[in-house]
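Letter by letter, the chains look like this.
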Amino acid sequence: MMLTILILLPLVGAVVTAFVPGALARLVGLGFAAATLLAGVVTATRYSVGGGMQLTETHVWIESLGVHYALGVDGLGLLMVLLTVVLVPIVLLAGWKESDEPGNSGAKAFFAWTLALEAMSLAVFTATDVLLFYVVFEATLIPAYFLIGGFGRAGRGRAATKFLIYQLAGGLIMLASVIGLYVVSADAGNPSFLISDLAAIDIDPITQRWLFAGFFIAFAIKAPMFPVHTWLADTTEKATTGTSVLLVCILDKIGTFGMLRFCLGLLPDASQWATPVVVVLALVSIIYGALVAIGQDDVLRLIGLTSLSHFGFIVLGIFVFSSTGSAGAILYMVNHGIATALMFLVAGFLIRRTGTASIREMGGVEKAAPVLAGFFLVGGLAAAGLPGLSPFVSEMMVIIAAFDHHWLVGSVAVLAIVLAAFYALWMYQRTMTGPGREGAAVVPDLDRREVGILAPLLLALVLFGFYPMPLLDVINPFVQDSLASVGIGQEGGPQ
Amino acid sequence: MNLLSQSVLRAAEGTEIPVVAPDAGAGGVFDLLWLVIALPLLGAFLLLGVAPFLKGSPKAALDKHGHLLGTATSVSSFVLSLVLFVSLLGRGEEERQVGQQLWTWFETATISVGMDLLYDPLAALFLLLITGVGSLIHVYAIGYMEHDPRRRRFFGYLNLFVAAMLTLILSANFVGLFLGWEGVGLASYLLIGFWQHKPSAAAAAKKAFVINRVGDIGLSLAIALMFATFGTTDFAAVSEVAGEADQGTLNALGLLLLLGACGKSAQVPLQAWLLDAMEGPTPVSALIHAATMVTAGVYLVVRSNFIYELTPVAQTAVVVVATVTLLWGAILGCAKDDIKKALAGSTMSQIGYMMLAAGLGPAGYPYAIFHLLTHGFFKANMFLGAGSVMHGMNDDVDMRHYGALRKAMPVTFLTFAMGYLAIIGFPGFSGFWSKDRIIETALAENLFVGLLALLGAGITAFYMTRLMLMTFFTEKRWAQDVHPHESPKVMTFPLIVLAALSVLGGVLLLGDWIKTWLEPVTGTVEHHEPPLPALVITLIITAVVAIGVAAAWFLVGRREIPREAPQDVSFATRAARADLYGDAINDAVVVRPGASLVGGLATFDRVGVDGAVEGGSAAVGGLSSTLRRVQNGFVRSYALSLLAGALLVVLALLAVNLG
Numbered sequence: 058m059m060l061t062i063l064i065l066l067p068l069v070g071a072v073v074t075a076f077v078p079g080a081l082a083r084l085v086g087l088g089f090a091a092a093t094l095l096a097g098v099v100t101a102t103r104y105s106v107g108g109g110m111q112l113t114e115t116h117v118w119i120e121s122l123g124v125h126y127a128l129g130v131d132g133l134g135l136l137m138v139l140l141t142v143v144l145v146p147i148v149l150l151a152g153w154k155e156s157d158e159p160g161n162s163g164a165k166a167f168f169a170w171t172l173a174l175e176a177m178s179l180a181v182f183t184a185t186d187v188l189l190f191y192v193v194f195e196a197t198l199i200p201a202y203f204l205i206g207g208f209g210r211a212g213r214g215r216a217a218t219k220f221l222i223y224q225l226a227g228g229l230i231m232l233a234s235v236i237g238l239y240v241v242s243a244d245a246g247n248p249s250f251l252i253s254d255l256a257a258i259d260i261d262p263i264t265q266r267w268l269f270a271g272f273f274i275a276f277a278i279k280a281p282m283f284p285v286h287t288w289l290a291d292t293t294e295k296a297t298t299g300t301s302v303l304l305v306c307i308l309d310k311i312g313t314f315g316m317l318r319f320c321l322g323l324l325p326d327a328s329q330w331a332t333p334v335v336v337v338l339a340l341v342s343i344i345y346g347a348l349v350a351i352g353q354d355d356v357l358r359l360i361g362l363t364s365l366s367h368f369g370f371i372v373l374g375i376f377v378f379s380s381t382g383s384a385g386a387i388l389y390m391v392n393h394g395i396a397t398a399l400m401f402l403v404a405g406f407l408i409r410r411t412g413t414a415s416i417r418e419m420g421g422v423e424k425a426a427p428v429l430a431g432f433f434l435v436g437g438l439a440a441a442g443l444p445g446l447s448p449f450v451s452e453m454m455v456i457i458a459a460f461d462h463h464w465l466v467g468s469v470a471v472l473a474i475v476l477a478a479f480y481a482l483w484m485y486q487r488t489m490t491g492p493g494r495e496g497a498a499v500v501p502d503l504d505r506r507e508v509g510i511l512a513p514l515l516l517a518l519v520l521f522g523f524y525p526m527p528l529l530d531v532i533n534p535f536v537q538d539s540l541a542s543v544g545i546g547q548e549g550g551p552q
Numbered sequence: 003m004n005l006l007s008q009s010v011l012r013a014a015e016g017t018e019i020p021v022v023a024p025d026a027g028a029g030g031v032f033d034l035l036w037l038v039i040a041l042p043l044l045g046a047f048l049l050l051g052v053a054p055f056l057k058g059s060p061k062a063a064l065d066k067h068g069h070l071l072g073t074a075t076s077v078s079s080f081v082l083s084l085v086l087f088v089s090l091l092g093r094g095e096e097e098r099q100v101g102q103q104l105w106t107w108f109e110t111a112t113i114s115v116g117m118d119l120l121y122d123p124l125a126a127l128f129l130l131l132i133t134g135v136g137s138l139i140h141v142y143a144i145g146y147m148e149h150d151p152r153r154r155r156f157f158g159y160l161n162l163f164v165a166a167m168l169t170l171i172l173s174a175n176f177v178g179l180f181l182g183w184e185g186v187g188l189a190s191y192l193l194i195g196f197w198q199h200k201p202s203a204a205a206a207a208k209k210a211f212v213i214n215r216v217g218d219i220g221l222s223l224a225i226a227l228m229f230a231t232f233g234t235t236d237f238a239a240v241s242e243v244a245g246e247a248d249q250g251t252l253n254a255l256g257l258l259l260l261l262g263a264c265g266k267s268a269q270v271p272l273q274a275w276l277l278d279a280m281e282g283p284t285p286v287s288a289l290i291h292a293a294t295m296v297t298a299g300v301y302l303v304v305r306s307n308f309i310y311e312l313t314p315v316a317q318t319a320v321v322v323v324a325t326v327t328l329l330w331g332a333i334l335g336c337a338k339d340d341i342k343k344a345l346a347g348s349t350m351s352q353i354g355y356m357m358l359a360a361g362l363g364p365a366g367y368p369y370a371i372f373h374l375l376t377h378g379f380f381k382a383n384m385f386l387g388a389g390s391v392m393h394g395m396n397d398d399v400d401m402r403h404y405g406a407l408r409k410a411m412p413v414t415f416l417t418f419a420m421g422y423l424a425i426i427g428f429p430g431f432s433g434f435w436s437k438d439r440i441i442e443t444a445l446a447e448n449l450f451v452g453l454l455a456l457l458g459a460g461i462t463a464f465y466m467t468r469l470m471l472m473t474f475f476t477e478k479r480w481a482q483d484v485h486p487h488e489s490p491k492v493m494t495f496p497l498i499v500l501a502a503l504s505v506l507g508g509v510l511l512l513g514d515w516i517k518t519w520l521e522p523v524t525g526t527v528e529h530h531e532p533p534l535p536a537l538v539i540t541l542i543i544t545a546v547v548a549i550g551v552a553a554a555w556f557l558v559g560r561r562e563i564p565r566e567a568p569q570d571v572s573f574a575t576r577a578a579r580a581d582l583y584g585d586a587i588n589d590a591v592v593v594r595p596g597a598s599l600v601g602g603l604a605t606f607d608r609v610g611v612d613g614a615v616e617g618g619s620a621a622v623g624g625l626s627s628t629l630r631r632v633q634n635g636f637v638r639s640y641a642l643s644l645l646a647g648a649l650l651v652v653l654a655l656l657a658v659n660l661g
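Residue numbers (the working numbering), protein chains in the order written: chain A, 58 to 552; chain B, 3 to 661.
No lab work stands behind these hints: they were computed from the structure.
Possibly wrong hints are sitting among the right ones.
Unchecked claim - With a straight-line Cα cutoff of 25 Å, these simulated BS3-like cross-link-like pairs (lysine-lysine) come out:
1) B/57 <-> A/424
2) B/478 <-> B/409
3) A/424 <-> B/478
4) A/424 <-> B/66
5) B/491 <-> B/66
6) B/517 <-> B/409
7) A/424 <-> B/61
Construct the complete structure from the given sequences, taking the supplied hints into account.
And the structure:
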């Protein structure tokens, strides 16, 4: 029941928030988000570090189709759940005033849709039935669409449509594979959508490849990867930064989550077969994303594109098939969530003060707002993989594993550390340093609410930068299970 | 081929991979090793992480007295380092390696990285240098930064630097070293750009960090290669099994580590950031960009001696880079009128000497470290002296506006003169002993390199004499409103201490003490006979130095120095003024092509990739009409019906499949 409660709390919260009087909506919404956070923490305490699917619930949903309402968490799912329940209250607090400003659809709508998105995301991360996964996977698009379209800057409607069409296209392609899986299981004599049942079937290699293609394309759009990433920059540019946190830090993780759960979990042979192509795409994403980020003038577009580079690292870590690579990739998913949330939110606070997101129109902010500048710098350095901040550990692990896979792969990936330093520090240089623009209004420093929103993220970056073992203790058993299912023990990779 | 699996398989076959850091039975005072790092880290945390969020009187107190807190943590760390050093002295030679395992940093099924410390004779010397010179510079900065409104923050950054530098030195593995390595890079970035309202300072800070990151590619890949080959990066473990790796791997490791060292130590071709780094406040230039951080590359090579010993290719590369840099830096030093930049060129050059010694193998390691220490004393001394001069000259850095300052600033002059005599290698002064040994060793190993190092000594004498003459001698060329005065005691006290060390630093060589001391780390010295008796070599070096001094006297001291730099100068002078076109080369090779690439890609991403995807989907599914509807306001209903349609398709397809 624990997981059902976890999903229902924000779902109920969304409905209640939508119907309470406007003045109460924010408090009620935040209350439900806090309750969900608590439920997430309770879930974590009930989870025993050791691997395997836990806290499972299975109810037959459509018997003739073998569809189940089936939930469960393993190490991967648990971390994604925790990331979600921690980030949502932070996003709500960040949108406290902004969502109510003229031009936006109102705080009530923002809070309700955010909670709805949280519920759907939690369902995605805990679903252990493929059709259930598919339904909630598609259902995340509804709140996401309204969050992008209802809040943010001019041109957001077009961005929302683009987002939706990309995601729908991916969803439809995946649907073909979902149905294909069902056919396979029906042929095997036991029609079922349960992941555990499907994993037990020995699917022939050619079929695997077709099914893999469907899942992978959908997840590559979601993640996103080159060349199906162009919805990302448009969306992050137009949406509010709170929405961007929900999309990039939580929703996009479904892409890499899905790769681990479905591509590796159910289609191991095809995953290994596709490795050369995927590794090249990941490398292109890493380098291309960083280079394009350097060339941006819009702060939010720039931050969005850095994620293209970071998702390249995550996918690379997954597809080199080693315990260090997979563990690094999953740790990267958590770290990227924290670091990018910090970056987006502080950029949001900055833009509300300067009235522009254009880098070339800013300058000298540090003089008047040193605390804001400090957070901005730490966010940039985290993106650049500075040791001492958590993304370093995961990036180093992926580079180590990639190098081990093939020295050339590691050597290309590592170029990102120069490019990332450049985009982060060049952005900082142009926005924060210098004498400031003449005639520009003095930028006030962060207030207490804003510091309170950012501080937990900063503390997490430092804590996990020096002591990521609590996370790795959850990740490592999952990785061993996962690699064993691909047919790789801890002894090494595919020969 | 999978190298990691090989190493793990090897472990499975019974070949033990050593994983335990050396531990000669830590205990007593050595249990406090971590505190050496923790003290300045605490200072940085309070000054940077806590103070900005305080209100009222606690905040005011930290703003007003934060510099004392920062200095206190640094001094405490020095006292502790001193106690540790004495304790280590008291141990037998075999027991002079103390490990401390703090916690597991990260771990997977195949690799494990610990936050482990290693205190040995090499680390011990560095600890004294970093905390000792560091504390003196903290004291100096109390005076130097007195009127800066952000003084608290300055001391926070200084503490952060000291903590990171100590981490670099005390780490027992390469990943921990990298943590410190990047930490000092961050502190350097923050301090170069401390006056970040100046666009030049902000740009210099970024340049330093990014060029260092190019070097970090080398260090990162070296770490990855070590994991792939040995399954670990612990110094002790790698040194045990390094011999089992194939030659190609060892060559690659040596060259990758050298790339890292080049970035941090401003060696050619990654030298271009150091002169710009002089934008930082002068105490920073003294501590980070002269005495400590920039020597980390030398430390890296000496620490990795177990790798370099096995790869003559990489050793040769170190020698080549070092020799080029020691001349490169010296030439820059001859042409600069900015006193700090002249000193920075000199720093490059002197680190070249250290690198050269490190590249010569076990015979050179002790002298690399010896010169590193003496240089730490006399260069910090001279940078602080330059700061004192600037303090008296309204922050003017142009030596063409100085002249005859020895009377106005007697203490600064006398202490600076000690540093000057040390760096040119005046007999008896610290630099004399250390540089003499390096040139002598170089001559014994490779005559050509040795002669170039000898030439470098002559050039050093020339540019330092030029600097000395233009600043303290010759006629007054001061601007009208300048009234030079001696600096306050809080600034001259560190000068006096450092001047004493510059004079007396040579005692470390008494009875070959430093050689014996470092032997457990750097290995036994195989003795090569120099081509000439040592005394003759010493006399030749001294003669070359004398020629350099005399040349400066005739070319600078006896002539009138114009207040503006003459423009009708030879090509050589123009080239040296332009940093031997280091920036021009970087611009042509990296910056301009890079800018075009980035600009092109950004456009390509919007027009090309996005256009192709949109165009393609338009051809298939009528996206363009959808987008037209965006403008017409139908978007919401349209998109939602699409979503609903998709969900319907699910059910429809399922139904079809059922039938």
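**Item:** Hints that the structure is at odds with (numbers, increasing)
**Value:** 3 and 6
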